[in-house]
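Could you put together the complete structure from these sequences and hints?
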Amino acid sequence: MATDKYFLLTPQQMALADQAAIQSGVSAFQLMAAAGQAVVDEIVQRWSPCRVLIMAGPGNNGGDGFVIANLLQQAGWPVTLAYVGRLESMSEEAQAHAKNGQSEAVALSENLLKQADLVVDALFGAGLSRPIDGHIKSVLTALADSGIPVCAVDVPSGLDGATGKVLGIAVKAQLTVTFFRKKPGHLLLPGRHLCGELVVSDIGIPPQVLPSLAINCLENHPENWLPFVPRHQLDGHKFHRGHVLVYGGRWMTGASRLSARAALRVGAGLVSMAVPESAWSVYAASQLAIMVNPLTDAKVEKAFEVLLQDDRYNTILIGPGAGLEGAHKGRLQQGVLDALATRRPCLLDADAISAFADDPQILFSAIQGPCVLTPHEGEFARLFPHLAMQTGMDKVSRAQLAAKQSNSVIVLKGADTIIASPDGLCAINTNAPPELATAGSGDVLAGLIAGLMAQGMPIWQAACAGVWIHGELGNLLGVGLIAEDLVEAVPSVLKSIFDK
8 MATDKYFLLT PQQMALADQA AIQSGVSAFQ LMAAAGQAVV DEIVQRWSPC
58 RVLIMAGPGN NGGDGFVIAN LLQQAGWPVT LAYVGRLESM SEEAQAHAKN
108 GQSEAVALSE NLLKQADLVV DALFGAGLSR PIDGHIKSVL TALADSGIPV
158 CAVDVPSGLD GATGKVLGIA VKAQLTVTFF RKKPGHLLLP GRHLCGELVV
208 SDIGIPPQVL PSLAINCLEN HPENWLPFVP RHQLDGHKFH RGHVLVYGGR
258 WMTGASRLSA RAALRVGAGL VSMAVPESAW SVYAASQLAI MVNPLTDAKV
308 EKAFEVLLQD DRYNTILIGP GAGLEGAHKG RLQQGVLDAL ATRRPCLLDA
358 DAISAFADDP QILFSAIQGP CVLTPHEGEF ARLFPHLAMQ TGMDKVSRAQ
408 LAAKQSNSVI VLKGADTIIA SPDGLCAINT NAPPELATAG SGDVLAGLIA
458 GLMAQGMPIW QAACAGVWIH GELGNLLGVG LIAEDLVEAV PSVLKSIFDK
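With my numbering, the residue at position 370 of the sequence shown is 377, and numbering never jumps.
In short, the hints are calculated from the structure, not lab data. All clues given are correct.
Have a look at the derived ranges for each label pair, beta carbon to beta carbon:
| id | residue 1 | residue 2 | range |
| --- | --- | --- | --- |
| 1 | 298 | 398 | 41 to 51 Å |
| 2 | 430 | 140 | 37 to 47 Å |
| 3 | 298 | 48 | 56 to 66 Å |
| 4 | 114 | 499 | 54 to 64 Å |
| 5 | 111 | 421 | 39 to 49 Å |
Capping the alpha-carbon separation at 25 Å, the derived lysine-lysine pairs in PhoX-like fashion look like this:
| id | residue 1 | residue 2 |
| --- | --- | --- |
| 6 | 336 | 309 |
| 7 | 12 | 507 |
| 8 | 144 | 172 |
| 9 | 144 | 121 |
| 10 | 121 | 179 |
| 11 | 12 | 502 |
| 12 | 502 | 245 |
| 13 | 179 | 144 |
| 14 | 172 | 12 |
| 15 | 172 | 411 |
Because the structure is a prediction, the values reported are computed rather than measured. Each residue gets a CB set at the ideal place from its N, CA and C atoms; glycine is no exception.
Below is the structure:
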């Protein structure tokens, strides 16, 4: 299993972690005190003493707010504490911290913003179950318009900690301080944007509570998959490092060439391409270390099936630039089915996914071996219309259900890419910069994953590693990058991984 510091806890799992900590001997009063102290520690590192408005809600998030108010007042900061709800309905520990305060809480109103240089948002935590509306929504709207910096406790109020969705309204924070472990909503969009700088603080919950929580969601990070990354051996040779076969199309030749070169760059020992005979010269003239096999135009399907009989091709990549026009669609479908019939690791991307939009079950039924599907949202909707964005379901759940339905690893691409396994395990990627939104970028990603699979990496870990490497390539190159740059920068990112 992955390193537990990258476990992501839903609000419900976090509540269970709190209860387990209490049962182990850590009091709820101590946990709340530690949470408030953690927020204050982060505030004083970033702001000089100023007028602080603390907005405290009716739950334990509001109890944290009382602790923060007490500590800042003791440090000499001018504090206004605004409370929403009834004190007597709060938990005993929250009431106890409220009674320790130096000043009484006042009713929350928009006017209080006029005397504030910093707002601490402790209204609602990650487990909010209904949209914010009415008076509180009006205050938060005014706060958003004011430009006053915000420090959020756990999550910006209104942000669903499980899904990253906004319930009614949520004000973007400059700083969010959460506790013990991150939640999916901190990483999923728009939550990741709304949290600003995210700090995770230890408040005394023992890590020993984690195994009982049935956690199946992680933040994608090298520590989770680094032990599975293949290392080159002194006595090894290219045949030990796998052989990727890439299916190339007739017209959009650049896409599959990018995939093939990425597979080679990431460490596959050999890469071959299977391409229409009429386009062979285009491919062959531009490839040096990559072998190019011509498929007779009149019998492309049969030629590809024959090529697949060579079991030295241990990983098959189909889709980038394959083509869906006219007869190409039928040829592509048959090529995918032939590849899947080998039961060798397969990666299906782009056109290989869209080719089955009319009857996705044909594809799903054919997946009997290791398989990775790498759709963007549009391609995902073609295979899984009942799980598309328009359904309102959160991205993690959509990817997990799709993985189970298709019996494949799903890489649901985007700024918050999800990598989901059929057994429910998933990872949320966080390192991808916006510069990766460029032509050919996804083709490079497909090649990276396939190249890692060919070297024997388990497919879920290979997908996680490929997505993370892809993100780091974008960060390394930055503004102005094009897909070709990504491929050539792979050695630099690999070196940084192996040096860890």
